[in-house]
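Novice: Chains A and B supply the protein sequences, listed in that same order. Taking the numbering used here, I'd label the letters of the first sequence as residues 1 to 136. Taking the numbering used here, I'd label the letters of the second sequence as residues 137 to 431.
Keep in mind the hints are simulated off the structure, nothing from the lab.
Some, not all, of what chain B presents toward chain A, calculated at C-beta under 7 Å: (1) Tyr181; (2) Phe283; (3) Ile353.
Ideal Cβ placement from N, Cα and C applies to all residues, glycine included.
Residues per chain are reported as follows:
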Amino acid sequence: MADRLTLEVATPTRLVVAETAEEIVVPGRQGYFGVLPGHAAFLTTLGVGELMYRIGRDEHYLAVAGGFAEVRNDKVIVLADSAERPEEIDRARAEGARDRAERRLAGRSESDVDYTRAMAALARALTRLQTAGRRG
Amino acid sequence: MATLRDIQRRIRSVQSTQKITRAMKLVAAAKLRRAQERVLAARPYAGKMAELLGNLVTGSDGSDDAAHPLLEPREGPKRQIVIITADKGLAGAFNSNVIRRALELVRQSSTADVTLVVVGRKARDFYRRRPWTIKRDMIGFWDRLAFSHATELADYVMQQYLDGEADEVHLVYNEFRSVVVQRPVRVQLLPVPRTETAGAAEAGSIAYIYEPNAKSILDDLLPRHVRTQVFRALMESLAGEYGARMTAMEAATTNAKEMIDVLTIQYNKARQEKITKELLDIVGGAEALTQGRES
Chain A
1 MADRLTLEVA TPTRLVVAET AEEIVVPGRQ GYFGVLPGHA AFLTTLGVGE LMYRIGRDEH
61 YLAVAGGFAE VRNDKVIVLA DSAERPEEID RARAEGARDR AERRLAGRSE SDVDYTRAMA
121 ALARALTRLQ TAGRRG
Chain B
137 MATLRDIQRR IRSVQSTQKI TRAMKLVAAA KLRRAQERVL AARPYAGKMA ELLGNLVTGS
197 DGSDDAAHPL LEPREGPKRQ IVIITADKGL AGAFNSNVIR RALELVRQSS TADVTLVVVG
257 RKARDFYRRR PWTIKRDMIG FWDRLAFSHA TELADYVMQQ YLDGEADEVH LVYNEFRSVV
317 VQRPVRVQLL PVPRTETAGA AEAGSIAYIY EPNAKSILDD LLPRHVRTQV FRALMESLAG
377 EYGARMTAME AATTNAKEMI DVLTIQYNKA RQEKITKELL DIVGGAEALT QGRES
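Same shape as in the complex, but just chain B (with noise of 0.2 Å):
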């Protein structure tokens, strides 16, 4: 049976526990919020792109004007996988389900035709122990993320397809459905998927007028789109840690809770124990005094 100071003991320290737990749930709680709104804000360039691509590539149909090298499938073995993970843990299972997903994706090809862009500490950690090759690692820049790293990493990204280093180009990552839901999603970024971008276009049959023409306009257009594409890709995936980890430290912060409950009963009843046996300690001595006396 454990000591009352050893149950007291116990119990201080899950509620140190549960300071900390508690405390980095508000501040993923914050941070969410502002993840979430720069999601929201980034939608109305995102989604008119798309549209504008859409129209683009199909309103010129068939014609050499819709023609561009990061559009046109290539027949070949070799993949590239980007996959974003956070930096740090402690948040349920949301850097091991991505890590799980890349994994299938992986394993589909041979390992010699596959290459890596790893996002993320938990990405880089666990895939550097492994026999694929990792072409690049972005590391530590989530707190101050902006466009210029989504920049980055497209245009690397699009250098090694036109180089012809990959003749696909995959992005893994967790899809920010709502504050308790991430799921890990794949999406082709190269080639850029036609069906993608015929989608949006309710007004393909527009003749624009276009300056200087549709073919430099695509050639501007193509990058940014693909740019844009990861820019979404990595702010969802920050809000989703945040999510992640603000719902992974509720629970913790729960589950302290009712382990200090359960600890605080048990100290109670050790301590009404420890009394009950020094009562009758007491009482037993008194009445061995007393018979003493009669006899």
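Next up, chain A with everything else stripped away, as it sits in the complex (with noise of 0.2 Å):
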């Protein structure tokens, strides 16, 4: 068994990350799990959240959202709908999505299709920003 897990994330337009990491949390959908090496295949689809992958005493942060996550052989595969590094996000419009998001929250009920969609953007708004929060 290998001790080191190979990472690749990938989203539509390019891949982002393609490294080797000794240990790798991923937002899955139904929360997030960890992933060391010896880790069983397993198969999920993606939440919104960080991701981290920890290379040595290093950990490296990503703001994903979206997609799919493969563990097989040590290998971990990302299908991210969208993913990036600290440096990558724009600070400015992550917050002028959040704003948005909480205006549309307020004074609307939880059936509303709207809602659960404010809900999404606020999320994706609000894990960026902790992503950048990470940067430096």
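Mind docking these for me? Both chains are given alone in their own frames, and the hints should help you get the complex.
Specialist: The structure is reproduced here in structure tokens:
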């Protein structure tokens, strides 16, 4: 058994990360899951959140949203709708999105279609801001 | 015989055309490089996606897990054809090749059974004047092509398919073979062909742990797969357009140069002739004078 994992994160437009890591934490739709070498074959859908991969003592973060994650033979493949490194995030845009989503949420009932959509937008914006905060 | 001034005027006109074709060639070359990079950058995602789908569909073979409306072939005559061309011409046979390829396909069914989705101004302008029904067009987005355009288009045709407006959806576009070679191809988009998904499944026997379960992952995966397919077609078409335009403008620039060369020779000949004629006049005149004096 290898003591390292290979990680590939791809979005429809580009390959974001191709690295070897020792530990990876992925935001699955049903909650975060951690992957260490020797993990069983696993396939899940991605939620919105922060993906973490650790190389030695360095922890790296990505803001991801939507898609799939596959674990197989110590290889983790993440196909995300979007994935950004902290330095790539446009803070102003994420803040704008957060404020817009919050305004939309105010005074809406939970059954509203727009409510679900605004909630999703809010989650994405908050994740981005959190990840952006890890810069430097 | 054209006068000197006429020839000169033509040379200048061809020269300015040449300037334009050369500039267009350079622009197309620069855009082509970017478009090619994007095609390459999108490959890992698309390849992996096809592999995952293959694993899912064959891995859980036969069981209901691998059933999905987008996968099930239907008996029905209704075809929807998505035709992808450029907005602009001046790209050789790029647009007409696709339009012709699509026409072959469209004519296989009776007119009433075919609906069209046209992408690019050239396809729209061609089919607008013809008897087929255009359900939707997409125009003027090529300069800022993004994945969202693919999503919009793919979601539309998937909805049409699920609503029973179409029993099959095909995509006709220019495949980017190389800078000089673009080939019009037809791809069946819906139902998602099972053979296509099975090919990549070298590890089909892997027993995955699915979360929440294979069915819901498939529900998520199939629409994304279709969007990815559409995105790839759009990007290949865009790269192909630039490739075709570059080649066409290169040829035009060369032709202009040949024409200028021919015209320049003509010009020189005409000038030489004029000088000779003038000289002859002078010599002849002088001769006449001396002869007149001698006699």
